[in-house]
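Once you've looked at the hints, dock chains F and S against the given chain Z.
Residue numbers (our numbering), protein chains in the order written: chain Z, 204 to 603; chain F, 703 to 1027; chain S, 780 to 1109.
It is worth saying that the hints were derived from the structure and are not from the lab.
Take these hints with a grain of salt, some might be off.
To be verified - According to the in silico footprint, chain S covers these stretches of chain F (three or more CB under 8 Å from chain S):
id	stretch
1	765-771
2	799-806
3	811-817
4	860-869
Unchecked claim - Derived pair list, reagent style DSSO-like, types lysine-lysine, alpha-carbon separation capped at 27 Å:
id	chain 1	residue 1	chain 2	residue 2
5	Z	K426	Z	K569
6	F	K810	S	K870
7	F	K945	Z	K281
8	S	K1053	F	K810
9	S	K869	S	K915
10	S	K945	F	K736
11	S	K1109	Z	K235
12	S	K971	S	K869
13	Z	K366	Z	K385
14	F	K945	S	K1109
15	Z	K494	Z	K512
16	S	K945	F	K750
17	Z	K281	S	K1109
18	F	K726	S	K835
19	S	K915	S	K945
20	S	K915	F	K750
21	F	K726	S	K915
22	S	K1109	F	K896
23	S	K915	F	K736
24	S	K1053	S	K1042
25	Z	K489	Z	K512
26	S	K1063	S	K784
27	Z	K337	F	K954
28	F	K726	S	K945
29	F	K881	F	K706
30	F	K987	F	K966
31	F	K736	Z	K330
32	S	K835	S	K945
33	Z	K330	S	K1109
34	F	K987	Z	K337
35	F	K901	F	K882
36	F	K810	S	K869
37	S	K835	F	K810
38	Z	K330	F	K945
39	Z	K330	F	K954
For every residue, glycine included, the Cβ atom is placed at its ideal position computed from N, Cα and C.
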Amino acid sequence: MATIVVMPRFGATMEEGIVSFWAVKEGDSVSKGDLLGEIEIEKLTNELLAEEDGVILRIIAEEGSAIPCGQPILIIGKPGEVIDNEPSKEPVQESDQNQITNVDSSTSEKIQIPTNQSLPGGVVTPKAQELAEKLGIDPSTVVGTGRLGMITREDIRRAYDAKTTHPVPTVMQALPSNSPRKLSQMEQTIAHAMEHSLRSTAQTTLTMDLDASNLVAYHERLKQSSGGLAKHPTYTAIFIKIVAQALQQHPRLRSVIQANQLVTKDEINIGVAIDLEDGLVVATIKNANLKSISQINNELEGLIQKVKKNALTNEDITEGVFTITNLGIFGVKYFTPILNPGETAILGLGVLQESALIVNGGIFLKPIFPLSLTHDHRVVNGAPAARFLQTIQSIVNSLD
Amino acid sequence: MNRKISFSKAINEALIQEMDRDEKVFIIGEDVAKMGGDFGITSGIWEKWPDRAFDTPLSEAGFVGLACGAALCGLRPVAELMFADFIGVCYDQVVNNAAKLCYMFEGKATAQLVIRAVTGGGIRCAYHHSQCIEPWVMNIPGLVVVAPSNAYEAKGLLVSAIRSNNPVIFLEHKGLYNKKGEVPEELYSLPLYKANVIKAGSDLTIVAAMSMVEFAVKASQELAKKGIDCEIINPLTLFPLDKETIINSVAKTGRLVLLQEGPKFMGYAAEISSMINEEIFEYLKAPIKRVTSLDTPVPFAPVLEDYVLPHYDDVIAACNQVMSF
Amino acid sequence: MALTKEHLLKVYRDMVLIRRFEEVVEKYSKNGTIPGFIHLSIGQEAAQAGVIDALKVTDYKFPDHRGHGAIVLSSHPEDRKRIMAEIFGKKTGINGGRGGSMHINDLAVRNMGFNGIQGSTVVTCLGTAFASVYNKNDDVTVVFMGDGTLGEGTCHESMNLAATWKLPVIYALINNQYAISTFYTDSHPQEKLSDWAKGYGVPGETVDGNDIEVVIESTSRAIERARNGEGPTLIEYMTYRWQGHFSGDPAAYRPDGELEKWKEKCPLKLARQKLIETHAVDEKAIQDIHQEVEEEIEVYLQFSLESPVPAPEDSILHVYADGIQVEGRK
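Excised from the complex, chain Z in its bound form (with noise of 0.2 Å):
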């Protein structure tokens, strides 16, 4: 089905373009994002790329024409589609044998544009008339691509729809349209998630400068050890198995509230937020107390992959206690993360950074992991949220 191509809407206030100059010709072949042409607004030029690959079938606008917005300037469609030029000239035939046409070769492929009608105005069909006068549009602004020129139902709805249309900022090129779409199920999963858990918690969030020396050093030992391969462990799987480890100390941040009781979660499985092109998902590594560095990290990239081919399983993101999340690649430093529904606590990392630290009076250098701990307060206060904070550091600090 050929596209016709009206005039932009450059600004808030456009009301009409002149196309200074077309740079194809009918017939000539376009792929996506190639330039058509340049239209003038007031001084300004801006250049009209094509939004699709075709062919130029038609040239409705003149170079130097001034057409109102929403009008029809070119016609771009599929190599061979018939438009009737005039409805009394014999229509271009194909020489493929297969094409099915009528007896008198009309389609609803064709698109009857007279080529010296390109400007607004002329018959209107008499329920293009009535809607014309619903929707408050002067007909005699319209370009009609009816039959013998006429306005029709579609052209008066055309210059409607461009009409009210929100004006798209002034850019060196038109932005495809971003009408209303349904949401996806993840997103709506993770938006009646995400309200459910803040509106059935009482969360508030901690924040503290981790000291990573240790952790860093660490870290470089792992990496060294691994003898430069790729697979040495990530700072989020050594986070998953201090959080595992400080959460065996700290019973009430692994605890839920469940009709009036606290019910405390043995198993202690971690989820770990993992980012999605469209969305999110948290996936869990079940027993992280019991596992070694390495094997979480296995599991973990395990996991990334599993997400990636999008092949995660029931059991993959369920019975998770405790949520880890990292933005630390994004350059942030403290949030307050949103509980995973079912949790007491959520643990954010930000941005690893050197940074400046006076002790004792003195400006020392040090490697700052930012931590942002939101707790679930009914189930736990702040200062034994505060003391689990207190806990990560101490194992921090003996990482051997």
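Chains F and S in isolation, oriented as in the chain Z frame:
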């Protein structure tokens, strides 16, 4: 200025000139040879070509079937149905045989026969000699149905029908046989599958075929006096129809009146009306109107037959209704 | 008039080919592979094989719905697998799958096809016979018809015209005695349907349709008459169909024992006896023929099973000549 000859003479001329040009053409039917046809349409042919003109027994199925078989062998039969009503006794040969042969043979053999069918009422010959049969054959894919309205069209269209490789039902309205018109002497052809815009206009489209064209022209002249500018279209080939010409006309005028002799239900007027609705509803300014015969057999007594056939006054009434909607 | 050993061997092989062809399409019709319905001619091999054997390639042939045998035997050998493919509804079928069992035509051998309406080809055949006269050649036309077909009015119009104009038509009336469930003497006043022709002044003959030598002999005489411009002949070949009207019809309308009686007179059995007794052909030679036919049929079957179906859009082609096309789907 061409000389004027009658509709029947024009057909005769077409046959003779085309038979002269192509020795594969032969005529077959009841009384077509020695007598020159019940209506005299084929006179002179047997005298010129005694082995190319064949009188048959009363065997419509027989000779239409024969025509089909002969066409498969490359010959070009022109068969005559003395009255179109007789298509009933050879209907199977027309719709199940002739219409489908090209399709059955995947185009490797074709049914290039012409069946000249003498059609229409108004001559007081009642039920079985007065019918307009085109609806009976317009629904059959593979058939071509042609309907001239004057001598010029008759000659040119019959020549094209004979030359066509499709089976053609050539409708000759018997009420037109004596009408004279200007006809070039030389051999010429008019295109099939193409409607004729008899008169261009801007306010109202009238579509009419065969005997109804006269009504259309007369109405147009009368309406012009009231400032109504009619466009008159004659489909000429009723099936397959030149839809585009009619659609463009009604897109322009927004108003359509269809004239058709024969029962109202399922005639060409019904088909065209339906098609306009589907294709260009939004261009219409008024509903489409049809003026047709009543849905009865055709009776004998003049007062009865005249009651049943289309009335001119109804044409004017329909046009007025449509203009004042 | 007896055939030579070579000739009899040839037509015996032809009949075996028909028999096996029919048995294979019967199997694939019953198991649902072949769409629609088919009409089997097992038991009528001699009538079909004999008539086709007597004709030239340029003679016009109009098979009927129970004529797979006549159709296969009149085709060029390399096209025979395409006959089976057509019955299977495949693109490689001789009519591209658009016709199927009942509508197979092949202009290359002047097989003019069957039209699904009984009696239609009986008048169309006048046209090909007429064309021979018009074009002044001696090609004759054979139209296969049945005892049921004879009821149609077109048969009478046809015989009347053919007789009056002395058209070169052979009416090959295969009388298998049943028009679906109706016994032929319940439909016609004559005991011998060939008597009907006499009313038109046309020679009519009733022969044993299961004796291939008799079939060939009588048909050849009729063909000779036609070629000499003496006009039409009607030959009534008495025979019997072993299956019901269509594959799947249990034929309960036939009296017990009748089928068994006719199986005794199986055309293949009769010819085989003749070969062995009169021409001293040995069993091995007979087996070789059967083996050869088996291999040939296997080729047809594999071809039919493996061929693709037609493209759906093929259905809108060739409604008209002269390039007039019809609308497809958008």
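Status of each hint after checking the structure:
1. 765-771: Since three or more residues must qualify, the claim that chain S covers the stretch 765-771 of chain F holds, with 7 doing so at under 8 Å.
2. 799-806: Since 5 is at least three, the answer is holds.
3. 811-817: Holds, because 3 residues of the stretch 811-817 of chain F bring their Cβ atoms closer than 8 Å to Cβ atoms of chain S.
4. 860-869: holds (count 3)
5. Z:K426 x Z:K569: 20 Å, holds
6. F:K810 x S:K870: 16 Å, holds
7. F:K945 x Z:K281: Given pair F:K945, Z:K281 holds - Cα atoms ~25 Å apart, limit 27 Å.
8. S:K1053 x F:K810: 43 Å, violated
9. S:K869 x S:K915: Answer violated: S:K869 to S:K915 is near 39 Å, above 27 Å.
10. S:K945 x F:K736: Distance of about 19 Å is within 27 Å: holds.
11. S:K1109 x Z:K235: Given pair S:K1109, Z:K235 holds - Cα atoms ~26 Å apart, limit 27 Å.
12. S:K971 x S:K869: 41 Å, violated
13. Z:K366 x Z:K385: Given pair Z:K366, Z:K385 holds - Cα atoms ~25 Å apart, limit 27 Å.
14. F:K945 x S:K1109: 18 Å, holds
15. Z:K494 x Z:K512: Judged against 27 Å, a Cα distance of about 25 Å means the pair holds.
16. S:K945 x F:K750: Satisfied, since the Cα-Cα distance of roughly 23 Å is no more than 27 Å.
17. Z:K281 x S:K1109: Holds, because 15 Å separates the two Cα atoms, which is no more than 27 Å.
18. F:K726 x S:K835: Holds: F:K726 and S:K835 sit about 25 Å apart, inside 27 Å.
19. S:K915 x S:K945: At roughly 14 Å apart (the allowed maximum being 27 Å), S:K945 and S:K915 satisfy the hint.
20. S:K915 x F:K750: Status holds; Cα separation ~19 Å.
21. F:K726 x S:K915: Holds. F:K726 to S:K915 sits at ~13 Å (cutoff 27 Å).
22. S:K1109 x F:K896: Distance of about 24 Å is within 27 Å: holds.
23. S:K915 x F:K736: 23 Å, holds
24. S:K1053 x S:K1042: 17 Å, holds
25. Z:K489 x Z:K512: Holds, at roughly 21 Å.
26. S:K1063 x S:K784: 15 Å, holds
27. Z:K337 x F:K954: Holds: Z:K337 and F:K954 sit about 23 Å apart, inside 27 Å.
28. F:K726 x S:K945: 21 Å, holds
29. F:K881 x F:K706: 10 Å, holds
30. F:K987 x F:K966: Holds, at about 23 Å.
31. F:K736 x Z:K330: 62 Å, violated
32. S:K835 x S:K945: 20 Å, holds
33. Z:K330 x S:K1109: 25 Å, holds
34. F:K987 x Z:K337: 18 Å, holds
35. F:K901 x F:K882: It holds: about 20 Å lies between the C-alpha atoms, which stays within 27 Å.
36. F:K810 x S:K869: 19 Å, holds
37. S:K835 x F:K810: 21 Å, holds
38. Z:K330 x F:K945: Given that 27 Å is the threshold and the Cα spacing comes to 22 Å, the pair holds.
39. Z:K330 x F:K954: Holds: Z:K330 and F:K954 sit about 14 Å apart, inside 27 Å.
Violated hints, listed in ascending order, are 8, 9, 12, 31; each of the other numbered hints is respected by the structure.
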